[in-house]
Each structure stands twice: as C-alpha cells, then as structure tokens.
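Fit chains U and D to the known structure of chain E by using the hints.
Protein chains in written order, with my numbering: chain E, 4 to 557; chain U, 17 to 214; chain D, 68 to 399.
Calculated from the structure, these hints are not laboratory results.
These numbers come from a predicted model, not from an experiment.
All C-beta atoms in this analysis are idealised placements derived from N, C-alpha and C, irrespective of residue type, glycine included.
Honestly, I wouldn't trust all of these hints.
[As the list claims (entries may be wrong)] Using C-beta positions, here's what the derived DEER-type ranges look like:
(1) E:E550 - D:L121: 29 to 37 angstroms
(2) E:K555 - U:R187: 42 to 50 angstroms
(3) D:V162 - E:F306: 43 to 51 angstroms
(4) E:L309 - D:K336: 40 to 48 angstroms
(5) D:L151 - E:E431: 35 to 43 angstroms
(6) U:L60 - E:K547: 55 to 63 angstroms
(7) E:L492 - U:V163: 41 to 49 angstroms
[Unchecked claim] In silico DSSO-like pairs for lysine-lysine, Cα to Cα no more than 27 angstroms straight-line:
(8) D:K295 - D:K227
(9) D:K179 - D:K128
(10) E:K355 - D:K133
(11) E:K355 - E:K555
(12) U:K179 - U:K104
(13) E:K435 - E:K504
(14) D:K133 - E:K435
(15) D:K295 - D:K399
(16) U:K181 - U:K104
(17) D:K133 - E:K547
(18) E:K435 - D:K128
(19) D:K399 - D:K320
(20) U:K65 - D:K227
(21) E:K504 - E:K33
(22) D:K227 - D:K320
(23) D:K295 - D:K320
(24) D:K320 - D:K336
(25) E:K355 - D:K128
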Amino acid sequence: MATDSITLPLPRAESRSVVLDWLCTVDHKKIGLMYIVYALIFLVIMGCEAILMRIQLARPELHFLTAAAFNRLFTMHGTTGIFFVAMPILFGFGNYFVPLMIGARDMAFPRLNAFSFWMTAFGGILLYASFFSGGSLLQGGSAPSVGWFAYAPLTSPVFSPGHGTDFWILSLLVAGVGSIGAGVNFVATILCMRCPGMTLSKMPLFAWMNLVTGGLVLVTISPLTAAQLMLMADRFLGSHFFDPAAGGQPIMWMHFFWIFGHPEVYVLIIPSFAFISEILPVFSRKAIFGYPAMVAATAGIGFVSLGVWAHHMFTVGMPSYGNAFFVLTTMIVAVPTGIKIFNWLATMWGGKIRFATPMLFCIAFLFQFLIGGLTGIMLATAPFDWQLNNSYFVVAHFHYIIVGGILFAIFAAFYYWFPKMTGRMLSETLGKWHFWLMVIGFHLTFDFMHVPGLLGMPRRVYTYQAGRGWGAWNMIVSIGVIFQVAAILIFVYNMVHSYFKGAVAGNDPWDAWTLEWATTSPPPDYNFSTVPAVRSRRPLWDLKHPEDPDWKYE
Amino acid sequence: MSATSANVTVESAESQPLSRGRVGMWCLIIAESAIFLIFITAYLVYMGKSVNGPTPRQILTVPVITTICLLSSSFTMHWATGALREGKQLLFRVFWFITLALGATFLISTLREWHRFIYQENFTISTNLFGTTFYSLVGLHASHVAVGLIALSTVMVLALFGKVKQEHHERCEVLAMYWHFVDAIWVVVFTIVYGLGR
Amino acid sequence: MLCSATACFAAANSAPLSPTNIFAPDSTPARSIFRISAFVLEITGAIFVVVFSLLAYAVIKFRERKGDDGHEPAQVYGSNQMELAWTVLPVLIVVVLFLSTAQVIHRVQDAKAPADAVHVTAVGHQFWWAYEYPQYNFSTANELHVPVSSPQDDRPTFLKLLSADVDHSFWVPRLAGKTDLIPNHPNTMWIDPHQPGIYLGQCAQFCGTAHANMLLRVYVQTPDDFQKWVHEQEQPAVNDPSVVLGRTLFVVKACFACHTIRGTIAAGKVGPDLTHLMSRDTIASGMLPNTPENLRRWIQDPPAVKEGALMPKVDMTDEQLTQITAYLETLK
Numbered sequence: 004m005a006t007d008s009i010t011l012p013l014p015r016a017e018s019r020s021v022v023l024d025w026l027c028t029v030d031h032k033k034i035g036l037m038y039i040v041y042a043l044i045f046l047v048i049m050g051c052e053a054i055l056m057r058i059q060l061a062r063p064e065l066h067f068l069t070a071a072a073f074n075r076l077f078t079m080h081g082t083t084g085i086f087f088v089a090m091p092i093l094f095g096f097g098n099y100f101v102p103l104m105i106g107a108r109d110m111a112f113p114r115l116n117a118f119s120f121w122m123t124a125f126g127g128i129l130l131y132a133s134f135f136s137g138g139s140l141l142q143g144g145s146a147p148s149v150g151w152f153a154y155a156p157l158t159s160p161v162f163s164p165g166h167g168t169d170f171w172i173l174s175l176l177v178a179g180v181g182s183i184g185a186g187v188n189f190v191a192t193i194l195c196m197r198c199p200g201m202t203l204s205k206m207p208l209f210a211w212m213n214l215v216t217g218g219l220v221l222v223t224i225s226p227l228t229a230a231q232l233m234l235m236a237d238r239f240l241g242s243h244f245f246d247p248a249a250g251g252q253p254i255m256w257m258h259f260f261w262i263f264g265h266p267e268v269y270v271l272i273i274p275s276f277a278f279i280s281e282i283l284p285v286f287s288r289k290a291i292f293g294y295p296a297m298v299a300a301t302a303g304i305g306f307v308s309l310g311v312w313a314h315h316m317f318t319v320g321m322p323s324y325g326n327a328f329f330v331l332t333t334m335i336v337a338v339p340t341g342i343k344i345f346n347w348l349a350t351m352w353g354g355k356i357r358f359a360t361p362m363l364f365c366i367a368f369l370f371q372f373l374i375g376g377l378t379g380i381m382l383a384t385a386p387f388d389w390q391l392n393n394s395y396f397v398v399a400h401f402h403y404i405i406v407g408g409i410l411f412a413i414f415a416a417f418y419y420w421f422p423k424m425t426g427r428m429l430s431e432t433l434g435k436w437h438f439w440l441m442v443i444g445f446h447l448t449f450d451f452m453h454v455p456g457l458l459g460m461p462r463r464v465y466t467y468q469a470g471r472g473w474g475a476w477n478m479i480v481s482i483g484v485i486f487q488v489a490a491i492l493i494f495v496y497n498m499v500h501s502y503f504k505g506a507v508a509g510n511d512p513w514d515a516w517t518l519e520w521a522t523t524s525p526p527p528d529y530n531f532s533t534v535p536a537v538r539s540r541r542p543l544w545d546l547k548h549p550e551d552p553d554w555k556y557e
Numbered sequence: 017m018s019a020t021s022a023n024v025t026v027e028s029a030e031s032q033p034l035s036r037g038r039v040g041m042w043c044l045i046i047a048e049s050a051i052f053l054i055f056i057t058a059y060l061v062y063m064g065k066s067v068n069g070p071t072p073r074q075i076l077t078v079p080v081i082t083t084i085c086l087l088s089s090s091f092t093m094h095w096a097t098g099a100l101r102e103g104k105q106l107l108f109r110v111f112w113f114i115t116l117a118l119g120a121t122f123l124i125s126t127l128r129e130w131h132r133f134i135y136q137e138n139f140t141i142s143t144n145l146f147g148t149t150f151y152s153l154v155g156l157h158a159s160h161v162a163v164g165l166i167a168l169s170t171v172m173v174l175a176l177f178g179k180v181k182q183e184h185h186e187r188c189e190v191l192a193m194y195w196h197f198v199d200a201i202w203v204v205v206f207t208i209v210y211g212l213g214r
Numbered sequence: 068m069l070c071s072a073t074a075c076f077a078a079a080n081s082a083p084l085s086p087t088n089i090f091a092p093d094s095t096p097a098r099s100i101f102r103i104s105a106f107v108l109e110i111t112g113a114i115f116v117v118v119f120s121l122l123a124y125a126v127i128k129f130r131e132r133k134g135d136d137g138h139e140p141a142q143v144y145g146s147n148q149m150e151l152a153w154t155v156l157p158v159l160i161v162v163v164l165f166l167s168t169a170q171v172i173h174r175v176q177d178a179k180a181p182a183d184a185v186h187v188t189a190v191g192h193q194f195w196w197a198y199e200y201p202q203y204n205f206s207t208a209n210e211l212h213v214p215v216s217s218p219q220d221d222r223p224t225f226l227k228l229l230s231a232d233v234d235h236s237f238w239v240p241r242l243a244g245k246t247d248l249i250p251n252h253p254n255t256m257w258i259d260p261h262q263p264g265i266y267l268g269q270c271a272q273f274c275g276t277a278h279a280n281m282l283l284r285v286y287v288q289t290p291d292d293f294q295k296w297v298h299e300q301e302q303p304a305v306n307d308p309s310v311v312l313g314r315t316l317f318v319v320k321a322c323f324a325c326h327t328i329r330g331t332i333a334a335g336k337v338g339p340d341l342t343h344l345m346s347r348d349t350i351a352s353g354m355l356p357n358t359p360e361n362l363r364r365w366i367q368d369p370p371a372v373k374e375g376a377l378m379p380k381v382d383m384t385d386e387q388l389t390q391i392t393a394y395l396e397t398l399k
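Same shape as in the complex, but just chain E (with noise of 0.2 angstroms):
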C-alpha cells in the first residue's frame, strides 16, 4: 500500500523551460496551484482597495479620495473578490484535492481544467486593465463604478457612457465560461473517477460538497452569463433589456442578476464547509459526526438555495406575498446550515482537540460563522431588512461570512494542506501570530461594523455627514484593517520562507485519514503508484487501527 511503499518520482523530460512546463500543463495538481497563487495575488489587491476606502471612511467628510475614484474601487472590490478570489482559490484547492482524495490520477478533463483556469485568469487581466485604460489612472482609470452588481439602467449607455461597464460585463463573460467548465469538471469527476469500493457514500464530504458546487456553478454562472448578453446587447445592438423608455424593466436585471448573485455565494460557502469537514474531525480525533445528515443538508442547500435571491430585492416593492415567500424559503435554508454546526459542534463532542493552526482557524470558524448566520436570519426577516437592506449592516453580515467564514476555512485549508502541495511545514508559531491578529482584526472591523447600519448609515457612499453620529465607528472599523494588514503580512512570510528553510512534512504529518495522505509530499504527477481501493470513508484509519476499522460500523 502505498503509505508503506516509498513512490519515487519519474524522472524529469529533459530542457523542458519551467515557464512553458506550467503554462502548458494540464496537471491538475499544478492547475491548483496556480489557482491559488492567483487567487492570493488578487487578495492582496483587493485588500489595498479596501484600506483606501477605509482611511475615505475613517473620518466624516474627508478628501483622502474622491467620489469617483471611490465608485470604482468599491465595485473593483466586490468584483475581484468573489470571482478572482473567492472563486479561484475554492477551485485552486478544490483542483487539487479532489481527484488526491477519490484515488484518481487526475480531473476527468485535463485539458477543459487548463482552459478553465486560463479563461478564469484572462478575465481577471481583463477586469484590471480598465484602471490603465482611458480617463486618469488616480482617479481609476475606466475601471467599472456601477457597483458589483452593476443595476440598471445605471448601467446603460446614457448613465455608464465609457467602457468601465464593458470591462465589467466581459471579464465576467470570460471569467464565467472558466468557472462553468469547472463546474463540468467536478461533477464529472467525480461521478466517474472514484476509486474501487468508493461508492458515493463512501467518498469524503469534500468530494461531496465539491459535487454540489460543481453542479450549483452550472446553474449559478449561467444566468449571469444571459444578463450580461443582455446588457451588452442594450449596450452596443441598442436592444432594450433593461430599457424603460422601450418598456424595458431595470428590475428583470435585478431578479436575473440575483438569481445568480444567491446561488454564488453558496457556490462559495460549502466549498468551505468541505475545508472544515474535512479538518475539523482530523483535530478532533474523531470521525465527522452525521456523515449522511451532511451530505443531505448540503444537497438541501443547494436546492433550496436556487429559490431564495428576491431576499436581495425585498425594498424594490413585490407585492406582500412575494416578499413573504422569500422570507420562508430564506428561513428554511437557515435549518440544514445550522445542522452542519449542530454536526461539527457534535464531532469535537466527545474528542481529543488538537489546537494546531488549523484547527484554530476551523474553531473561530465555528463562532464566526455562528453569527453570521443569524445576522443573515435577522435580513431574512423582511421588515427588518426594509431598514437594514443597502445598509452598513449587510456589509457587516456578508463580509462576516466571507472573511470571517470563508477566509478563515482558507487559511485553515492553506494550513493543514500546504505541507502536502509542498513537502514542508508551515511555522506554528507565525501560525498563531496570523490568527490571533486576523482575529482581534476581524473582530474590531466587522462587529463594529454593523452599528452604523443600524444607525442609518447607508453603504457605497465615499463619505458621510458630521452629524449623523457615524464617525466614531467608522474610525473603530478602520482601525481594526490595521491588524488584519499584519496578519496576512505574516501568513505571505510564513508560506514564502516555509517553502524553502520549514520543517519537511513527510506523507501525513497529521496523522489524518483520507487518501491524499497515502501519497508523498507533494504527491507525484501519477498521484498514486498503484490505484487504491478503499473499505470505508476513511481508509488510512482503516490501515493505522486494524482492530477497529471503519466499515465495520458505517
């Protein structure tokens, strides 16, 4: 079996340039990385973005920026992180892992992954060459100003004249066809490469929970795709979408616009409850709690997700049944996610914790997640949202899902697998440094930052007036970038001088319990030298503890 047998790598083809060996490669493994690093090099972007809109914020009516300037860098913001972030560094780990972890040698299409991946990077080059196009580059260039959700008709040739709008609909286009090819990938991966005795209800949750991300892209992306085709045909075929001079409604783009905008971020969430459950059990020392609870609650919520986007649009005047649909169809997404916290909660229950790096990235998680979840119970509450929608308040709740949720299952994920991508580990103790600054960071920004929501203060605004008793949490939220800025400092220093001078990592440094850790660090290009065939959902422990094994119980 593998973990016994040492792997040795093929040997390397000859004169072949490393920079054409990565731009050529159809490896999935090496697809993932490249996801990664790009997906981290725009996270450094887009959180420059973001200190330059808080010091604008930090005060009442300052001019650190102008309102224009201001305009594109929210909507740069928002665009670049959920598809040239989010998006890729969910696909990046995803990439990797998946086929390591089903025992395959790689994605079921090599070549349509390498094509994803390009597309996905092209659009965002694309996005980002708006700031050196047209207009001045300190006020932004022709960088997109409609915001990330670009509404009409602010977005018609006559309110968005320039390009910034076109660069906004194409990357996306372009980001879009990469995203959904990923999507296809996935799903046909790992319907149809699963190792022997790997049925679907013995494979990880991450393939799992991959499998439904995979198939909610096909029909998350799409629409998204439909609007922009239609915009761009209001935008250059004078067609009239979203035109109201023709009869055309600007609010179809906002239902069109949403019914991808929902479904998006559950394409971003449960990849990052696959981080968790797959860690969390790993630090616990204890199998994940309710395996099939959890494959049936994010099957649940992918659903259910497809019919809940008009709680974005519960201000733009539906009529009192339509918005109290929303409000039920929102609330009962609220019940699978909270049995998965119910299920982690009940898998530490009873365990050994470990509180290595990973596992206190999954345990702030936890918390974090928590709230964020019940401040998303509290829009879903259609009255309430009538004060807090387009507010500081939602702000607060989205970002405390995607940073304090997603990113931190990032970091999490970078953690626990970066010794495997790399043969090295990653110091615990900068480790700790990163996540208690991360935290005291995120906390000080995003708690804080739902007061002036509730205090009436709405958002992408580039200032605010003296006297609307904002400014002394706006200061607060500010100060709180500060730590965050420190944190991924040393996480980047952590990984770059890890990478060459860390401790090596040796195949399971964990002691953990699926197939990627009964294979090298960083595994070959053949994954595995001989195919594996499992018993039950955790081989290795099978292996380490044959007098106790799995499938005699599952």
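Chains U and D alone, transformed into the frame defined by chain E:
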C-alpha cells in the same frame, strides 16, 4: 487496502453507462438550458409589452418546413451514430451528411428570414421589446446550431479521411446528445415564439 | 455585535446616538418594524447564547491534555435522534418567525390610504428629490413637508415613488423602512410621524457619483403649520422689481431650461423647482445650508461643490453671478 487491478486506465471508463463524456455533456446541457431559460423568461415577461412597432402577428410566419428539417435531423443523427456503432461506415457517413445538410438548411432559412425582417420590414433588435427578445432568443438558438454544425463538419471531414472508426461511436453519441439538445430547445422556442407569442 | 445592537436600543429614547437610528422609530411603519426586529433579535440572541456556550464548552472540555495516553477517543458516527431534534426545533423556530413576519409585511405593505391622507409623488433624480403634491397643485424639491399624525388626528402621508433616471431608494429610518424608486416600476410607501420635527435620511440605492450626497429631509409639522406651508407653496413666485436684472439673466443663461419658477416663463423639469427656494433650509439636496454664500458657490460651479452633480458650470461673470444669486434670494 489491497492493490487491485494495477492499471485501471481511465479510457475504459468511456464505454461504461456513466462515462465522463456523457456526464460532461449533460452538465453542459444543464448550464446551457439555464441560459436559455433566462432568455425565455425575458421573452415571456415582455410579451405584449412593446410600446411601439410591429407585433409578432404582423410580422412572423410560422417556419414549418425549416422546423421539420431540424427535427428530422435528430432522427438522421440517431441513425448515423447507430450505424457507426455497428461499423457500417457508408451508412454512417450518409446519415451524418444528411444531418449536416438539414441543420445547414435550418440555419440558412433563419438567416433569410432575418434578412427579410431587417432589410424589408425594418424590424431589428432595437425596434421594440419584441425585436429585442425575438432576435436574442432565436439568435441564441441559431448560434448553438452554428456551433453544432461546425462540430458536425469537423467530424464529416475526419470521416471522409477515414479517421472515424467504430470505436469512436461513443464520442459521436456524445456529440449527438448536444445536437438533440439543440433540437429540443427549438421545440420550446418555436412553441413560445411562433405559438404562444402570436 | 449583539451588544452594540442592545446599546442602540437602549439609547434610543435617551440622548440620541444618531438622528437616523432605526431603533428610535417615530411612525407606525417604523414602529412595526422595530417590534418584529426586537422579536427576531431576542430569538437569535437566545440561539447565539445556547450554541456559543455549547461550542465554548466543547472547546474547553474536550481538549487534548498533556500526558494523555495517546489513544483515540471513542468514534461516534452519528445519532438519528439528535439529527431529528436539531432539525425539528429549528423548523419550529422558522415557522414562528415566518408567521410573525408575514403578518407585519401584510400590515405595512397592504395598508390602504384613508380619505384624509396626504398624497405626495416623490420622483428620484440624479442627485435630488422632486416632490409633487397633486392635492394642492404644486411641486417642490428636496425638503418634504408632512403633517404630524396623532391618535386623535390620524393623517398619514402616502408617497408614490417614481424615478426619472436610475434606481434610488427613499430611506428615513425613524419614519419607515426604505422603498426603492425604480424606473417603470412605481412604488408606494406611507408614513405617519407622531412628533413634529425634522427627520433625516438619504438615498440608499447606489445611483451614481453623487449618491452619497443625495440627502433626505422630512419636516413634520403641526396641522396648522402644515396648512400654512401649503398655502405659501401654492403661491406663484415673488416678483421683486429690484432684481429684474437677475431674473433676466436667469433666462439668458438658460437656467430656465432646467428649472421651474412658477409665475415666470421658467418651466424646466430637469432640475429642482425653485419657486420658493428660500423657504428651504438647505440646498444641493440637503448637502449645504441655504445661505447666500453657499448659494453663490453652488451656482458658480456645482460639480466642484458636489462632485458628480449634473447641474453644469455655466459661464458667467462675477457680476452676473451676484445678480442671479440676488434674484434667487428673493424667492421666499
């Protein structure tokens, strides 16, 4: 964990009922269906809402012949792949060519209809809401037909050079799935645009 | 975070934390929202306390101790009873929350205007608010006046919300939740403020460059004051002969093409109605106090004062600027 078959290659998975190619194509079909659904929704919502200009009744003539062409091409496609599965090269090439010809007829017809609309009736995508939703929906479908025809032509050329063998029948069946999908979409579009809409 | 919410709550009736505190409602819709929000906060607060405590307990109690025997703990794979329990209980909570919420939605959204309601049509523009009073046949801009509503004399104001250009949102937190102004999609909302005073708010749907400066001011007046204000607004513009030069320049410089001054030839609809400009406390949609100096600065170069303003900088000499400002200063 026992090492079972040492060289379970990926290729053999293709002839299983749950092959990568079929699953992948179903995924693509699902994604494309979602795109069409949005355009269909726009068509339905905006039906009758144009503030000016020609109505569907005034301008549309039901494309019966071209619809028959496209739908029959699904049958000929089915016979073509069936022939290939049984190794009947000549039959395969003949039916494949007829499929291609029927599809091309459909596309050319659509383009001629549009030519009449634009140059004689002055009816374009920017005329009114009907124009907007008509051209976008029918155009989206036509573009999918066009992509299908490119794929079909590629296979035709390869077949004429003798490169398409019996063992490739699975791949042609996956392509056939796409073609059937395009036909199915036409049934829906046809019903809504030329049936309901008028 | 929940502590901050409680703080806002508690401070609502004492020294105000903010003139736009959603927890300081002063009108029936805002009060209904406040009550259901308090209910939801209580429930989510309780959930938080329970789950947080369990998580904290688990993290502390089940940590690996030093000198541990190194054996793995008992592997528990699941429990159907627990899954049932923590599915059923949340579903019940959802049912309760949904029913109470649906009730409030219906009560606020489906309220019918009584016979003596005041009707105002609010039209959102980039970056100002037009208010038309169809019952009284006049229009004004940027400062909305409504009568106070008391239990004895209930006189709500029903607003019809339209947009002349892009999406906007009318949000005065102490009076009601926000409702959007969307082109080709008229909306309605209502308020019945219980206390006279000024209520602040601002546009809450990103509408372009100057979105942050599209402020709202609602003046709630006693019935007598309101009638007086209506009567004043209904009059045509003051015709002061001493500023005839300014009035002429108003036409010559094409201001009349965008603005209306009733009783003159100026009947433009692109910019705010200026008939009684001097009856307003602020200009530039709440951004600046209405002083002669601010007015002059504004007319001289609007985009320099309010970045993104669509009122253009019109070429004029200082003397002409003085004349026009003096003219506008007479429009009481």
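Checklist entry - So which of those numbered hints doesn't the model satisfy? => result 3, 9, 22, 23
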